[in-house]
Amino acid sequence: MKLMLYVLFMFSLTLPAWAQQKDDSGPVLSANDSSSLADEIKQNLHPLVRKAIVPSILIGWGATHMDDEGLFEGSEGLRSAVQRNYSNFYTTIDDHTTFAPVLMAVGLKLAGVKGEHHFTEQAVLLGMTYFLNRSITNNLKSITKVNRPDGLSNDAFPSAHTSTAFAYATFFHKEYGRQSIWYSIAGYSFATATGVMRILNDRHWLSDVLAGAGIGILSAEVAYLIYPLLQRKIVNSFKEKEKLSIAPFYSQGAGGIAVLYRIH
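With mature numbering (1 follows the signal peptide of the UniProt record, and there is no 0) as the guide, the letters of the sequence shown map in order to residues -19 to -1, 1 to 245.
Treat each hint with caution, since some may be false.
As the list claims (entries may be wrong) - With a cut-off of at most 25 Å between alpha-carbon atoms, the simulated SDA-like pairs for lysine to any residue come out as follows: (1) LYS90 with LEU206; (2) LYS126 with ILE38; (3) LYS95 with TYR208; (4) LYS122 with ASP183; (5) LYS95 with ARG213; (6) LYS90 with PHE112; (7) LYS95 with ARG159; (8) LYS122 with PHE112.
Unchecked claim - Simulated restraints on C-beta separations: (9) GLY132 with GLN160: 40 to 50 Å; (10) HIS99 with SER61: 47 to 57 Å; (11) SER61 with VAL94: 37 to 47 Å.
Honestly, the hints are just simulated from the structure, not real lab data.
Even for Gly, the Cβ is constructed at its ideal location relative to N, Cα and C.
All chains, please: the whole structure from these sequences, using the hints.
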C-alpha cells in the first residue's frame, strides 16, 4: 500500500507540467471518436475548472488523510514508518528549496532566456501568487488548528513550505515550461523535495503536504487567470477617448513626466 501511495503521489505532482504542455500544443486530432469527444469536452471546460482538477485532487486527498488512518494507511501510518526508518533525520534545506523555482527564474532571465511575460509582469504575477497562497494557507491554519506531528504547535494544516514551493514551481512552469519541459520538471522536483523533507523532519503530516501542494498550484493558476482580466481593465480605463494625456515637463531645473486624467 505504501508503494502505491508513493507512486500515485509522484504521478499527481507531475501532472500539471504534462497537462500544460498538452494544452500549449493545441488540440490533437484523432481518428478515434471517443478520443475526439474527450478532447472536445476538455476544450469546452472553463479554464479554471480544467486547471483546478489536479489541485482539487491533492487538496481533497489531503483532507481525507487528516488525523486518521484513512486510505493507504494515511498520515499516521506514514509517520510511523518514517519514525521507524528515519528517526534521526534533520535538515534545514527545506527552508531554502522553497525558493529554488524563483531563483531559477531569475537565473534564466539573466541568462537571456525569454519567459512568457516581461520581468516587471513576472514580478506582479509572482506577487499575486504569493498573496493568494499566503492568504489561503494562513487562514486554513487558523481554522483547522491541526497539531504538528512533533507536537510543537497546532498550525500544521496545510504545509506553508510545501504550498509556497508548489506556487513558485507553478509560476516557474508557466513562465518557462514552453521553453523546455525540463524547466518544469526541475521546478516541481524542488517543490516535491520540500514536501518530502517536511515529513522527514517530522514537521508535517502527509495530509498537510498534499493539501499544501494543491493550494500552491491553485494559487498560481488563479493568479495567471486573473492577471489578464485586471490588465485589460486597467488599460481600457486609461484608453477612454481624450481622457488620458502623458507629457514630459521641465521647470526650474527639474524634469519628469506629467500624467493627466480628465474625469469629465
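Status of each hint after checking the structure:
A threshold of 25 Å between alpha carbons decides the hint, and for LYS90 with LEU206 the separation of about 23 Å falls inside it, so the pair holds. A C-alpha spacing of about 22 Å is found between LYS126 and ILE38, which places the hinted pair at or below 25 Å, so the restraint holds. Proximity of LYS95 to TYR208 is assessed by CA-CA distance (about 19 Å); at most 25 Å being required, the pair is judged to hold. This hinted pair checks out: LYS122 and ASP183 have alpha carbons roughly 17 Å apart, not beyond 25 Å.
At roughly 23 Å between alpha-carbon atoms, LYS95 and ARG213 fall within 25 Å of each other, so this suggested pair holds. Annotation: proposed proximity of LYS90 to PHE112 holds, straight-line Cα distance about 23 Å (limit 25 Å). Restraint check for LYS95 and ARG159: satisfied, since their Cα atoms lie roughly 10 Å apart, inside the 25 Å limit. Taking the CA atoms of LYS122 and PHE112, the gap is about 15 Å. The hint holds against a cut of 25 Å.
In this structure the supplied range 40 to 50 Å holds for GLY132 paired with GLN160, their Cβ-Cβ distance being about 45 Å. The supplied range of 47 to 57 Å is met by HIS99 and SER61, whose beta-carbon atoms lie about 49 Å from each other. At about 44 Å, the CB distance of SER61 to VAL94 agrees with the hint of 37 to 47 Å.
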